[in-house]
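Sequences listed follow chains A, B, C and D, in order. Quick note on the working numbering: the first sequence kicks off at 57 and runs consecutively. Quick note on the working numbering: the second sequence kicks off at 57 and runs consecutively. Quick note on the working numbering: the third sequence kicks off at 57 and runs consecutively. Quick note on the working numbering: the fourth sequence kicks off at 57 and runs consecutively.
A portion of the hints provided could be inaccurate.
Which copy? The list can't say, so a pair holds if one copy fits it or any two copies do.
Claimed, not checked - Simulated crosslink set (EDC-like; lysine to aspartate or glutamate; CA at most 20 Å straight-line):
(1) 59 - 330
(2) 59 - 93
(3) 197 - 361
(4) 285 - 194
(5) 197 - 250
(6) 265 - 340
(7) 103 - 337
(8) 285 - 365
(9) 285 - 230
(10) 265 - 365
(11) 59 - 250
(12) 285 - 165
No lab work stands behind these hints, which were simulated from the structure alone. A quick note: this is a predicted structure, and the numbers were derived from the prediction, not measured.
These are the residues of each chain, in order.
4 protein chains.
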Amino acid sequence: MHKYAIGVVGASGYSGIELCRVLAAHPGVDVRFVASDRWEGVTVRAKTGIGGSVGGLSYVPHAQAVGAAHGCAAVLLATPAEASLELAPQLLERGVKVIDLSGAFRLADGSAYPRHYGFEHRHPALLAHAVYGLPEIEDRKAIAAARLVANPGCYPTAAALALVPLLRAGLLADEAIVVDAASGVSGAGRQASEAYSFCEVADDVRPYKVLRHQHTPEIAQSLARGAGKPVRVTFTPHLLPIKRGILSTASARLAPGARAAALAETLRAAYRDEPLVEVLDAPEQVAIARVAGTARASVAVAVAEAGFDPGRVVVVSAIDNLLKGAASQAVQNLNLVLGLPERMALEPAPGVSP
Amino acid sequence: MHKYAIGVVGASGYSGIELCRVLAAHPGVDVRFVASDRWEGVTVRAKTGIGGSVGGLSYVPHAQAVGAAHGCAAVLLATPAEASLELAPQLLERGVKVIDLSGAFRLADGSAYPRHYGFEHRHPALLAHAVYGLPEIEDRKAIAAARLVANPGCYPTAAALALVPLLRAGLLADEAIVVDAASGVSGAGRQASEAYSFCEVADDVRPYKVLRHQHTPEIAQSLARGAGKPVRVTFTPHLLPIKRGILSTASARLAPGARAAALAETLRAAYRDEPLVEVLDAPEQVAIARVAGTARASVAVAVAEAGFDPGRVVVVSAIDNLLKGAASQAVQNLNLVLGLPERMALEPAPGVSP
Amino acid sequence: MHKYAIGVVGASGYSGIELCRVLAAHPGVDVRFVASDRWEGVTVRAKTGIGGSVGGLSYVPHAQAVGAAHGCAAVLLATPAEASLELAPQLLERGVKVIDLSGAFRLADGSAYPRHYGFEHRHPALLAHAVYGLPEIEDRKAIAAARLVANPGCYPTAAALALVPLLRAGLLADEAIVVDAASGVSGAGRQASEAYSFCEVADDVRPYKVLRHQHTPEIAQSLARGAGKPVRVTFTPHLLPIKRGILSTASARLAPGARAAALAETLRAAYRDEPLVEVLDAPEQVAIARVAGTARASVAVAVAEAGFDPGRVVVVSAIDNLLKGAASQAVQNLNLVLGLPERMALEPAPGVSP
Amino acid sequence: MHKYAIGVVGASGYSGIELCRVLAAHPGVDVRFVASDRWEGVTVRAKTGIGGSVGGLSYVPHAQAVGAAHGCAAVLLATPAEASLELAPQLLERGVKVIDLSGAFRLADGSAYPRHYGFEHRHPALLAHAVYGLPEIEDRKAIAAARLVANPGCYPTAAALALVPLLRAGLLADEAIVVDAASGVSGAGRQASEAYSFCEVADDVRPYKVLRHQHTPEIAQSLARGAGKPVRVTFTPHLLPIKRGILSTASARLAPGARAAALAETLRAAYRDEPLVEVLDAPEQVAIARVAGTARASVAVAVAEAGFDPGRVVVVSAIDNLLKGAASQAVQNLNLVLGLPERMALEPAPGVSP
């Protein structure tokens, strides 16, 4: 089988390691290089235990990434947004396609970057070309044709999978939506800080970046695309004392005149042919443990037909923040871009249990 | 110092053990008996390591509780609602005051019990006499004069402390409120079930009893009292992989014309003289670890003045579900009923860290 | 590629689920049936999220397992010892090879069963035929030729991998060996008991079955085979508040006259051609997190050349109790028995991180 | 009641916070100052939630500690060994007694410091005056008379409580002892390092400082004092994914001719009048959760009368590393030095549960 040459930059972060793990078992690609300043010169196997030919690679410094990408069909960037902003144009110029896991190319409106990401976007033209890579929601043909794919954020993936089909079907009222979500600590990346030390995180749960998380504009953008108009939305993230996984609880209101049963029917129809999104019968079945270690998302909806807030819709979704929220979704996009089967190397879901 | 004779029923549950722990260091009471069918005949010290005279007591069976209460000024019931419904009238008849930690006497509207608790309320007259014991919110004189105190539920305590002062001040719009909250596993009580086994709970987070948790009517009742009119509210609880603590994130809307700054000002004013409720500057400071093992609650508010949902109010609160959400609040109520200083045995906050 | 028909009994236990997960991605086998009384009639996918053809199977009751095995080349038993004792002979009679994950056939000396397993062994003749399936230590040809493979216990696997090569090389003195080991909670299997509830296990560590764990005779048997004579050994297991993984710390003494450096050299030589056992430079590198979710073991040795106990040898090893300590080792044995490459479906190590 | 003026240096470390918490409820002392460079200028209440007069103190920098100690009867040093070495002589010169929680004054043999602590001991004369403060084992009169108390290390406390009474009674053979112990992460102190980040510690267990932990000479010193002669001992510490608590499993051999029953009898006799050391019937009852959050230790012994290593003695002990292993033991010593009841502020055991 032909193997496409690819590379991974930012390969020592938690998402980068997951990329290496998935790609080590991928029959359609040949990982030519992995870049990491932190672990330069050491082998992947020594640091992570990953085997195969990927395990035998030694990390090269980021400064060598563009050179190492010569001859590659695509490169995956698991780098901070600023690094992606610098690397992506250089790779694209050399004809190398880019799957970027950072937020650098996710927002269509470049003017949102200073407020939400803290920098002026220096490549607004690229924003117009970047395709937002959430295959189950967006247009797969556009992703497949893209030279630059903006891989979605973890929270936005969980929120969009839960809400976009319902908005598209016109089932949600024009009332503000609340997304309360919680993530395992790996969502913060590798940390050498007291705030993320074991003793400060274990046995605790707390909100963070309230009303100012950088994923809020990305969520609002997805919901607006789904609704065909702006959607009022508040997103509150929380830090969980677990390593991986996101649970999102979204509250909305049933559109006047809509049937309650239409909510679940619409989700089932939307994901009927999507093996990586599973629609469950009840929100109580949605759980981080069900999806941790897998490329899958779970989603379920309930609606209050009576009680203290009739018409309330609660949609719960769960993903592994490092996989469907980062690495495995990036491989879905990579497969699409390379013309490979979309779920190659992602099924049957690996997973861990208990 | 005079010591009031008291007793504890349901003393082997997690809340019951916390009651014993707090009362073991209480200079104003003399614990005469502790009742538990599970641990009948064994000493408190042997099962829990609690010292002092409480440690030396042997658990008596529940069937002996009413008899053992002879001569007691008050008895604390850390029993399931059905058991409390049976014990409370017998104790009250004998002139023994009752602090009930179950939900048996919390809802003023007895007709709500079949749906939310699964039983017909056999003592509706007692509902009229029971005083809801949330001292920082309700009328302390009424609690002090009560013969039967309904100790609030854990989630309702967290929600009411966050929202009632704002509702009273008219600062929240007439829009539905969303309360997304999460609890440590001890909230489910002692469990010999696979669903609460370590392997099924660890590394996981999931919602439960969505749109049908029995604390919903209690929350709605508190909010309605605060607002002076019915309040639409949806409450979604989640199970956390930690032993103790509740974090509640409530979303509401600023009343038209209200000043954003009035929210924090109102919370600070409401709790200025309440040492057991701490108002923090920002929601990000509210954390389960800050209150776990203590009798305190933390609360903070933020409001969106611009962005994707202007006017959104987010109020975050945290308590220890077994203390401010159960045992230490019961001791506050006990102290009030006995005429003792309200925070006796509860300050300085014991707490644990890290 | 030809696919061998196989089946799994006890498929809803934690080891059984791991078997299904590994086998779902195994290109050389066709899983014909999965048996579980607990989940009878439900699909594997519904309960576990496992995809592929294994995911589509519905659990059949154990009573149908022998019938369902008709035409199978082999069956894996992830059942309690008593159930294995009953099933194995029936399967063997019908020409179906058996890989048994229980302790039913591990001890060569049948008279040890009443004391350590609590039952008289009813099939002593089978004990003579059973082959102990620790491929990196035992004779692979004997495993490949076996009709009944006794898959090793989790603790004995960790202990034998650490100590047997050193005993074989005569590097350990004739002094008693201490094996202190600790396991994640999944080692106890699915539990609906208060003792294994989250609140009783989290934040705790404790020893259990001190001086009387049923794995002790199995460890002693492996060490004696390695040494060529009886070895005095004490094994103390501990329960860890994590879901999976075993860490074993073995203390022994350097044989008089032996070189300290020979210890590490011997381990490296023993596992030079064993991709599933990795010899690390120092015990501090051995960690449960390095092997959890993988089919691999890690091992490292240190020796005191001076200090308070010169000559002390400390050998640390780690495995995933559900994989190298159960399911993946069973698949190694299955592959050997079926004549397939030993590590088929086990490389590159799947793993999870962080 | 007269209150002794005291101070705490290193008050923002985990042990220092526990000191503040215990002292906040101590009726016999008046905490005059708390010193911490990290939190200079902030109040104790703001950082820790501790109430009372201690909560109202603002942290002063370490450079002001000696001056602030003017007029104090005693100062507790919860500082690194190097800092204690510098502060203790200055305080002693000014007539202030010192309880030092570091290892700076624990080893009678000053020549051991370079190897085990990495520095030349600049005050060997003070080593001769320092009294090792393990009240249940050492001479309480000597502690009470001391001007400088070396508060024991956490692991050495757990090991000495388990073994010293047995050595004193001559019940252990002249064979090397193995101490395998494990600690919660708070034992490493506050950490802003990747190695102690949540994602690197959670779900993992690993050994550290194998054959070279600085507590080894302290353990050897205690055991030698107990035995009246040098004792060969190997100590292997492990890092646990919990915040607090130590479990120690010590393996020794029954002295020839000694009765097995004498082991438990001796422990019970040794601790009959020691409310802070509880002797349990079986090692399986010893658990970190039983002592976490309390000033108590648990200990139990078992002996193999037959089996694979007859005569093997296993002694298990558990403490809270921050309390009996640090802060509460320091308060025991403080009370002794000040002539107060030894367990003032330490009973009934505070504790947390679940």
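We went through each hint and held it up to the structure:
no.	hint	verdict
1	59 - 330	neither (25 Å within a copy, 28 Å between copies)
2	59 - 93	neither (27 Å within a copy, 45 Å between copies)
3	197 - 361	neither (39 Å within a copy, 39 Å between copies)
4	285 - 194	within (16 Å within a copy, 44 Å between copies)
5	197 - 250	neither (45 Å within a copy, 41 Å between copies)
6	265 - 340	between (27 Å within a copy, 7 Å between copies)
7	103 - 337	between (41 Å within a copy, 13 Å between copies)
8	285 - 365	between (25 Å within a copy, 14 Å between copies)
9	285 - 230	within (10 Å within a copy, 25 Å between copies)
10	265 - 365	between (28 Å within a copy, 15 Å between copies)
11	59 - 250	neither (43 Å within a copy, 36 Å between copies)
12	285 - 165	within (15 Å within a copy, 43 Å between copies)
The structure does not agree with the numbered hints 1, 2, 3, 5 and 11 stated previously, though it agrees with the rest.
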